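Got chain X; can you put chain C on it based on the hints?
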Amino acid sequence: MVPPMAESFEITDEMRSLIGIESDPWTYEVTTTSVRAFARGVGYTDPVYFDLEAAKAAGYASLPAPPTYLGTAVFIPGRSNDTFSGPKATGPQLNPRDYGLDGLLDGGTETVYERQIVAGDVLTVTSRLSALTTRASKGLGVMLISTSETEARDASDGSLVATQRAQAIFY
Amino acid sequence: MPTFADVNVGDELPELTKAPDRSQLVKYAAGSGDYNPLHFDPDFPQAIQIGDNIIHGRMKYASLGELVANWVGPSGWVRAIACQYRGMDMRGATFTCKGVVTAKREEDGRKLVDLDIWTEDAKGAKTTPGTATVVLNG
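Chains X and C supply the protein sequences, listed in that same order.
If you're matching positions, the first sequence starts at 4 in our numbering and goes up one per residue.
If you're matching positions, the second sequence starts at 31 in our numbering and goes up one per residue.
Just chain X, with the same shape it has in the complex (with noise of 0.2 Å):
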């Protein structure tokens, strides 16, 4: 079954009223275990994101995080987004399927370090929708164009760990 592709798409203020709602906080633990797991999906070789003998080596307290990666995907039936794991945004919901946009793509993302993330920290996770916008492109119909902000805090502290913004793209 191919999808169908939407032909006009407007954002309506009902959507515009989501932007800025801040979700419940979330914890994430970034564990040995944690880092490992993402540094084999991505293909890493080098022993410090593996071996906590070569990372103390290297001067690292722990397993240093990979850039890019943030946190335990943390799942918890229920309370978790089914495919892509963390938590369910909470509060009144952006639901594009209800629109026709079954697609969903991702646009880009960007992430600040105010340090570098190690095994052990704790960071207590937020996000929310920052800005809509939409875009027509000859293969996909017009598409909704959803920006998040997410800010990730020591959980130990409050201090402020990481920033990221990420683009997604509903078709």
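A couple of the hints might just be wrong.
Said to hold, decoys possible - Which residues of chain X face chain C? A partial, calculated answer using Cβ under 7 Å:
hint, residue
1, Val45
2, Thr112
3, Asp157
Calculated directly from the structure, the hints in this document are not laboratory data.
Keep in mind it's a predicted model, so treat the numbers as computed, not measured.
Glycine included, C-beta positions come from ideal geometry on N, C-alpha and C.
Here is chain C on its own, set in the frame of chain X:
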């Protein structure tokens, strides 16, 4: 490992080439928690529509992170990394991560190096252009 004094604008990072097969895409799904079937299930409707499973954009982002991390090593850390997913790369397709130094600057006592980074497909198209900033310890 790079030192701030020795890094020059125009320096190229050692390239990193990948061709993730379905097994690798499953490993990335497990490591990242992104189980969108678009990336590994050949029967998923959007995969049929597109023609095959596509490599996670975030896996290309992570590969650009690996490119930069391999270059910096323990002599510094990645301050910022960003990319845009402009073109799809299909399961099994070869892509190469590349980077070049665009600026050196000192800010708040930190020694910063700015980079242009990107992935190139087999035809030379930049499917995932981006930027990064690293902090060098010395």
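Here is how each hint holds up against the structure:
1. Val45: Holds: closest Cβ of chain C sits about 4 Å from Val45/X, inside 7 Å.
2. Thr112: 5 Å, holds
3. Asp157: The hint is violated - Asp157/X has no Cβ within 7 Å of chain C, the shortest such distance being about 16 Å.
Consistency with the previously given hints fails for number 3 only.
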